[in-house]
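My request is simple: use the sequences and hints to build the entire structure.
Listed here are the chains, written in short residue letters.
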Amino acid sequence: MSAIIEVRDLVKHYPKVQAVNGVSFAIEPGICFGLLGPNGAGKTTTIEMMEGIQKPTSGSIFYKQQLLGAQFRNEAGIQFQHTALPDFLTVKDALRLFHSLYPHTADLEQLIELCNLRELLGRDARKLSGGQRQRLLLGIALVNDPNVLFLDEPTTGLDPQARRNFWDLVRSIKARNKTIILTTHYMEEAYTLCDEIAIMDHGRVIARGTPDALLQQHFKHVFLRLPRADFAVPLEHFPFTVFESDGYVEIQALDVNETIALLLKNSVPLTRLEIRPPSLEDLFLELTGKALRT
Amino acid sequence: MKRFFAVLHARNLEFLRDRSALAWNIILPFFIVLGFAFAFSGGPRDMFKVGVYGGSASAQADIAFLHTKFVQFIPVDNLQAAQRKVEHHQLDMLLDVGSQARYWINTGSPNGYVLEQMLRGSGTQAFERNALAGREVRYVDWLAPGIFAMNMMFSCLFGIGYVIVRYRKNGVLKRLKATPLGALEFLTAQVVSRMSLIALVTTIVYVGCDLLIDFTMHGAYVTLAFTFALGAVCLISLGLLTAARFSSEEFAGGVLNVLTWPMMLLSGVWFSLEGTHPWVQKIAQVFPLTHLVNAARAIMLDGAGFAEVLPQLLVLGMMSAVFLVLAAALFRWE
Chain V
1 MSAIIEVRDL
11 VKHYPKVQAV
21 NGVSFAIEPG
31 ICFGLLGPNG
41 AGKTTTIEMM
51 EGIQKPTSGS
61 IFYKQQLLGA
71 QFRNEAGIQF
81 QHTALPDFLT
91 VKDALRLFHS
101 LYPHTADLEQ
111 LIELCNLREL
121 LGRDARKLSG
131 GQRQRLLLGI
141 ALVNDPNVLF
151 LDEPTTGLDP
161 QARRNFWDLV
171 RSIKARNKTI
181 ILTTHYMEEA
191 YTLCDEIAIM
201 DHGRVIARGT
211 PDALLQQHFK
221 HVFLRLPRAD
231 FAVPLEHFPF
241 TVFESDGYVE
251 IQALDVNETI
261 ALLLKNSVPL
271 TRLEIRPPSL
281 EDLFLELTGK
291 ALRT
Chain X
1 MKRFFAVLHA
11 RNLEFLRDRS
21 ALAWNIILPF
31 FIVLGFAFAF
41 SGGPRDMFKV
51 GVYGGSASAQ
61 ADIAFLHTKF
71 VQFIPVDNLQ
81 AAQRKVEHHQ
91 LDMLLDVGSQ
101 ARYWINTGSP
111 NGYVLEQMLR
121 GSGTQAFERN
131 ALAGREVRYV
141 DWLAPGIFAM
151 NMMFSCLFGI
161 GYVIVRYRKN
171 GVLKRLKATP
181 LGALEFLTAQ
191 VVSRMSLIAL
201 VTTIVYVGCD
211 LLIDFTMHGA
221 YVTLAFTFAL
231 GAVCLISLGL
241 LTAARFSSEE
251 FAGGVLNVLT
261 WPMMLLSGVW
271 FSLEGTHPWV
281 QKIAQVFPLT
291 HLVNAARAIM
301 LDGAGFAEVL
311 PQLLVLGMMS
321 AVFLVLAAAL
331 FRWE
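Here the protein sequences come in this chain order: V and X.
Numbered per our numbering, the first sequence spans residues 1 to 294.
Numbered per our numbering, the second sequence spans residues 1 to 334.
I should point out that these hints are in silico values taken from the structure, not numbers from a laboratory.
Each statement offered as a hint is correct.
Here are the simulated EDC-like pairs of lysine to aspartate or glutamate, each with C-alpha atoms no more than 20 angstroms apart in a straight line:
| # | chain 1 | residue 1 | chain 2 | residue 2 |
| --- | --- | --- | --- | --- |
| 1 | V | Lys55 | X | Glu334 |
| 2 | V | Lys265 | V | Glu236 |
| 3 | X | Lys2 | V | Asp107 |
| 4 | X | Lys177 | V | Glu75 |
| 5 | V | Lys174 | V | Asp107 |
| 6 | X | Lys2 | V | Asp145 |
| 7 | V | Lys127 | X | Asp18 |
| 8 | X | Lys177 | V | Asp145 |
| 9 | V | Lys220 | V | Asp282 |
| 10 | X | Lys177 | V | Asp87 |
| 11 | V | Lys92 | X | Glu14 |
| 12 | V | Lys92 | X | Asp18 |
| 13 | V | Lys265 | V | Glu250 |
| 14 | X | Lys2 | V | Glu75 |
| 15 | V | Lys127 | X | Glu14 |
| 16 | X | Lys169 | V | Asp87 |
| 17 | V | Lys178 | V | Glu6 |
| 18 | V | Lys92 | V | Glu119 |
For the chain V half of the interface with chain X, some residues (derived, Cβ under 10 angstroms), not all of them:
| # | residue |
| --- | --- |
| 19 | Ala84 |
| 20 | Asp87 |
| 21 | Phe88 |
| 22 | Leu89 |
| 23 | Leu97 |
| 24 | Ser100 |
| 25 | Tyr102 |
| 26 | Ile140 |
We treat Cβ as the ideally placed atom computed from N, Cα and C, and that holds for glycine.
In structure tokens form, the structure reads like this:
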């Protein structure tokens, strides 16, 4: 299947910063593609170039094998990381305004139902809560019934419930065979929603693939977690890699049975033992060496 | 056109729902006109201005009246124009010291009466008295066109310039850029929206003030409306030019103040530039507000038609074209 969007050798230089430094990838239609990276990695610059908002210093972006143009603007839906609407507009006014800007549009009533905006229609758009505002901005991004939807950190600042509601919305949009390009700081969000991810750092893509394939590729072990106080003997006595933080010890175990046997042999109580598989956050830290929200 | 009307509608909603700004646009000019009507109702101004026509410098030196202290004597070249200024209280007296010794005063002017007594008591040769006919032009009549024009200036420059800079700063322009909306459609909608709102507000203020004060209007309303419309286009274009690039509201506010304050003070809104330093009068010609005020006054006070105000209209038209071309060339969404 041919890519719906393809990025080739994308470079973006600012006067004192090389934000994006030779990024290339292709996105298949109908998938949710996640662009991950620490702050300053170049993901927002990359996505804004893909949206046609910023001009690349060099490189090319293709939509349906054509350079970005009028067709792309008509068929793309965009939800920016930071955006504002004209003042004094109600939710309904804002939807109507953007609905009128496109030649081909979605049915507004269906959109209102999809984004759960019915009860908010008469509300001043400036006075919405974080979750309500993100639902409105998503509704605006969908007014043209887009083939490809860009979501730039759409759940940043939302409480866990609002975030999960937003994920449900994204899943229902994905079920309509839309291509979604998502940037996020939340690895759980990326793992839940994305079919494919690319991790960026220092303006380059440093890993790319499906979340599970990347985890399998980079991790052969699982993590065992125990309170530090439960270890009577020094940690150096154990033949495995351990990390210590916040009063807990995290062990990277290739063989769980063997590790547990060794712990029991050293009289470490297992009452408070936690075992977890590697996550995207582990992968992220492994690849970038940075905390996610630095 | 659908996109244009969508943006136009949204901008109109924004203005009409911003009640404080709407009230300010209507109430401020009301209070200025009413305030001046009250302040200057019957109270004479303490500055005497006498236009002096004809006569050589040596001849003028021999006229004792022309040496009177606390009277400003202003040389005039055009007798008819100077007579109109006496009618409009821009001059308190007009003195012809050429071949015919004569003077003109406005019979309704307290200053004119005082100057007449001073002339007679100065021991100067006998001058033939001429009273100007026609309705007395009160200061408030003279002031009203300037107030309407000044209100338009603030509305155009801040309503367009400041709003676009705010849109750019808070990301509204960036959001619109991501749609099929073109820059020309967006800017045209802003211009038409502001024009409509100015027409509405100016009509309300004009009718309201006229009911309360009954100020002079000798010209045709269609001429006045066209002049105000062209003036609004010119000032909106200047607002667009101001907003073409800036993304800091503070900086744009400073630039707009730098533009509006000199225009407000030096375009002849509050006082006649007659007798001011020549360079002040030259600077005033650079301001679109000067030409708008002069044309509006000529229409309202003198009954001027299109032909008479054509020079001012041409200047406004040319300024509009220059501002618009520059604004379009320099405009950026972000």
